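Sequences and hints are given; from them, build the entire structure.
Below are the chains, spelled out letter by letter.
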Amino acid sequence: MHKMFTIARRETSAMIATKAFLFTLVMMPILMFGGIFLMPRLNRLSPAKTQRISIADGTGMLMPGILAANEARNTALRSAKTDLRDRDKATEAESEDDDGEPFGPNTDLWQIEATLSNTLDDGARLKLSDEIRSGSLYAFVEIPPELLNDGGSAVSVPFVSQDAAISSARQWLQGIIQQQVRSRRLHALGLDPAVVAKADVPVGVNPVLPYTRSVTGGAETKGGTSILVTLFLPFGVMALMFLVIFLAAQPMLESAMEEKGQRIAEVLLGSVSPSQLMAGKLLGNLTGSMLIFVIYGCGCWLVLHHNHWEQHLPWSLVPWFIVFQVLGVVLFSSVFLTIGAAISELKEAQSLLLPVWLLLLAPMMVWLSAVREPNGPVALALSFFPPSAPLMMVLRLASGQTIPVWQPPAAAMLLLATSAAIVYLAGRIYRTSLLRVDSARSFRQLLQRLTSQ
Amino acid sequence: MTSYVVELAGVTKRFGEQVAVDRLDLQVPEGSIHGFIGPNGSGKTTTLRVILRIHQPDAGCVRVLGKDRSEAANDQLGYLPEERGLYKRMTVRQVLRYFAQLKGVRRPDPQISWWLDRMGAREFEHKRVEQLSKGMAQKVQFIAAVAAQPRLVILDEPFSGLDPVSQSAMRDVVLELRQTGTTVIFSTHDMEVAQGLCDRVLMIHRGRKVLDGPLDSIRQQYGSNLLRVRMDGGAALPADLRGIAECVATGGFFDLRLADHSCRPELLQQLAARGNLEHFEVVRPSLRDIFVRIAGTEQTT
Chain U
0 MHKMFTIARR
10 ETSAMIATKA
20 FLFTLVMMPI
30 LMFGGIFLMP
40 RLNRLSPAKT
50 QRISIADGTG
60 MLMPGILAAN
70 EARNTALRSA
80 KTDLRDRDKA
90 TEAESEDDDG
100 EPFGPNTDLW
110 QIEATLSNTL
120 DDGARLKLSD
130 EIRSGSLYAF
140 VEIPPELLND
150 GGSAVSVPFV
160 SQDAAISSAR
170 QWLQGIIQQQ
180 VRSRRLHALG
190 LDPAVVAKAD
200 VPVGVNPVLP
210 YTRSVTGGAE
220 TKGGTSILVT
230 LFLPFGVMAL
240 MFLVIFLAAQ
250 PMLESAMEEK
260 GQRIAEVLLG
270 SVSPSQLMAG
280 KLLGNLTGSM
290 LIFVIYGCGC
300 WLVLHHNHWE
310 QHLPWSLVPW
320 FIVFQVLGVV
330 LFSSVFLTIG
340 AAISELKEAQ
350 SLLLPVWLLL
360 LAPMMVWLSA
370 VREPNGPVAL
380 ALSFFPPSAP
390 LMMVLRLASG
400 QTIPVWQPPA
410 AAMLLLATSA
420 AIVYLAGRIY
430 RTSLLRVDSA
440 RSFRQLLQRL
450 TSQ
Chain V
0 MTSYVVELAG
10 VTKRFGEQVA
20 VDRLDLQVPE
30 GSIHGFIGPN
40 GSGKTTTLRV
50 ILRIHQPDAG
60 CVRVLGKDRS
70 EAANDQLGYL
80 PEERGLYKRM
90 TVRQVLRYFA
100 QLKGVRRPDP
110 QISWWLDRMG
120 AREFEHKRVE
130 QLSKGMAQKV
140 QFIAAVAAQP
150 RLVILDEPFS
160 GLDPVSQSAM
170 RDVVLELRQT
180 GTTVIFSTHD
190 MEVAQGLCDR
200 VLMIHRGRKV
210 LDGPLDSIRQ
220 QYGSNLLRVR
230 MDGGAALPAD
240 LRGIAECVAT
250 GGFFDLRLAD
260 HSCRPELLQQ
270 LAARGNLEHF
280 EVVRPSLRDI
290 FVRIAGTEQT
300 T
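Going down the list, the sequences are from chains U and V.
So that you can map any letter, position 442 of the first sequence is 441 in numbering that gives the first Met the number 0, and since no number is skipped, the others follow by simple counting.
So that you can map any letter, position 106 of the second sequence is 105 in numbering that gives the first Met the number 0, and since no number is skipped, the others follow by simple counting.
If you are wondering where the hints come from, they were derived from the structure by calculation, not from laboratory data.
Don't take every hint at face value.
As the list claims (entries may be wrong) - Looking from chain U toward chain V, a few residues come up when the C-beta cut is under 8 angstroms (computed):
(1) Lys2
(2) Thr5
(3) Arg9
(4) Val194
(5) Val195
(6) Lys197
(7) Val200
(8) Gln261
(9) Glu265
(10) Leu268
(11) Gly269
(12) Ser270
(13) Val271
Note that the structure is predicted; figures quoted are calculated from it, not measured.
For each residue, glycine too, the CB sits at the ideal point set by N, CA and C.
Pasting the structure below:
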């Protein structure tokens, strides 16, 4: 046991005390989640612009309303920007205008103007398009004369710009024009738009989590939830599991390759048995992975706490997370260790590693459907398929939906049995591979080593 | 009664179709320096690995330091492999401490310090292994093999990569180890080194033992029928000499191999009777000569 712990200690130290590990530890979450948090901040770096929009109002009646709405928007926007500068808290300072459009310090202003003529011919369209391409004009809009006609048939309004499909100006104008047209149609029908607006006040059907019994005996709920929390919290938990397994398994490959390539294995095997060596390495690796879990776990909690999302995390998930993490790390680390011992160069590992990665990543390919249907056949099958079980089971548990109580322990037992079998088989291949100078380039060659001496 | 630290009986080790070690019997007495000699690929390293239990034999028995069970004696074994096996990113002291701890030594620092001083490597103790020269790395590897004060030290080609001064220093250390009662087994394909250091030799050729025993008796055994003679003024040998199996002329001398060593007095009488004998020497053959002769015989059979 003393020797095993000695090996484990060195392995943990070799795993975590490298620049590459620390770099990966920092960069991996940034690469995976950084976009979510960084994009809004990066967007704020680009300065706000005043965008020119020309409108050809074929009806001749809508333009005053549009200009008034735009003036109101610009006034509100300038006011909001002043507030933001005063508070200097960009992350918390986003506000919304009356139309629900989020205002930030880099939200563009619209400078709306009428075209010379209310209708456009091809020559005018080409001229305005050239202005768009040259950058002097952001967009032009053609409101067709028949827009206000009776009949209710759908009439479309062309919005022409280089980013028309994703333009927020298009979305804003759509709302304003819709509002104007609706108001005029109501007038035409003899209805008071203010009365109709009252009748149209929306009814919210809000997502609320199931109630539980409180300490006082009453019913209480954690409160409302959101799509962001429902979908991305389970994904985050699964991604955390992936990160831990990835960061733990990769050093095993490199460690075995180093010991084989540098002929250190020969010295080690003169002191300890292959099984002691492998057990020590796995134990050290597991210790390192727990450290990663603690570091990332603390980081995740801080993010959840900062956003007041911690109430949405099912804390009963934590013990299961640790169980599946330990089993997942043992399973994948022993496979990586074996592959490392069976090859001589990193490039030879690719063909062997690809199927292993695919098995591990399978839950990430179906995570959306698994979160929507955590008890569906795909999620169920993957959570009982040992290589994908760690990621899929924590995803299901984090979804907040009820998972049959027998399933997590059953999947864990199956994973435990598989891990034990893999460790045993990997140990045999590891022992026979360490001192060989040739490489196993396929799983068939790898398995042949099970029977060689 | 002689006690043996290593006993092999009928040990065979195959790798696929290739027989690396073939029915090898061996006994290594305690406190001796035992040389394993033979050309590259003859099976020396495989035999050492079988003794270390790195390889399990396909047939035969292995008993090391009185223990049959695999790995049971490993803590009392020190091993210097042919190729250096050190973690490049660890410092010299870290790597030595690690290997000593794997031999069961809880606090190895005093021994490590002593050996670093003895090998003149103290100034390198905080350097990373990757910063060492090949010769210095060899010294560190040697310290790793002996720092845990093992009863049996196995050295695979210990002098390769060392300059003559370092070779001589290493040779002295090996002799000191024997004086403290440590048994040393080392392999080499350099017959001169083996001849200058060994009490006993095991010669392996194509996986089979072709020679085993005390060096003196082997040289005596193979040298009693070898003579070197010179006639007065480098004259030719008389043509009618009896009992000579082979005669090779080398620079005025004649190396004679007798058909039977009992012919020696008779031959001396024959040459003396001619009255013109200038030099008469009973030659003790070098290990190299013995090996070449045995390997040559094996080649023809």
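Subject >> Evaluation of the interface hint that places U:Gln261 against chain V, nearest CB under 8 angstroms >> reply: For U:Gln261, the interface hint holds, since the closest Cβ of chain V sits about 6 angstroms away, which is under 8 angstroms.
Original post:
Going by Cβ atoms only, is U:Lys2 closer than 8 angstroms to chain V?
Top reply: holds (6 angstroms)
**OP:** Tell me if U:Leu268 is really an interface residue toward chain V, meaning its C-beta lies closer than 8 angstroms to one of theirs.
**Re:** At 5 angstroms from the nearest chain V Cβ, U:Leu268 passes the 8 angstroms test, so the hint holds.
**OP:** Report holds or violated for the interface hint on U:Thr5, using the least CB-CB distance to chain V and a cut-off of 8 angstroms.
**Re:** holds (5 angstroms)
**OP:** Mind checking the CB of U:Val271 against every CB in chain V and telling me if the closest is under 8 angstroms?
**Re:** The hint holds - U:Val271 has a Cβ within 8 angstroms of chain V, the shortest such distance being about 6 angstroms.
Subject >> Status of the hint placing U:Glu265 at chain V (closest C-beta pair under 8 angstroms) >> reply: holds (5 angstroms)
Original post:
Can U:Gly269 be said to touch chain V, with a Cβ gap under 8 angstroms?
Top reply: holds (4 angstroms)
Original post:
Under the criterion of a CB-CB separation shorter than 8 angstroms, is U:Val194 in contact with chain V as hinted?
Top reply: violated (79 angstroms)
Original post:
Against chain V, is U:Ser270 within 8 angstroms by beta-carbon distance?
Top reply: With a minimum Cβ separation of about 4 angstroms from chain V (threshold 8 angstroms), the hint on U:Ser270 holds.
Original post:
Taking the least C-beta to C-beta distance, is U:Lys197 closer than 8 angstroms to chain V?
Top reply: violated (75 angstroms)
**OP:** Double-check U:Val195 for me: the hint is only fine if its C-beta lies closer than 8 angstroms to a C-beta in chain V.
**Re:** violated (76 angstroms)
Original post:
Can U:Arg9 be said to touch chain V, with a Cβ gap under 8 angstroms?
Top reply: OK, holds: U:Arg9 within 8 angstroms of chain V, min 6 angstroms.
The structure is inconsistent with the numbered hints 4, 5, 6 and 7, although it conforms to all the rest.
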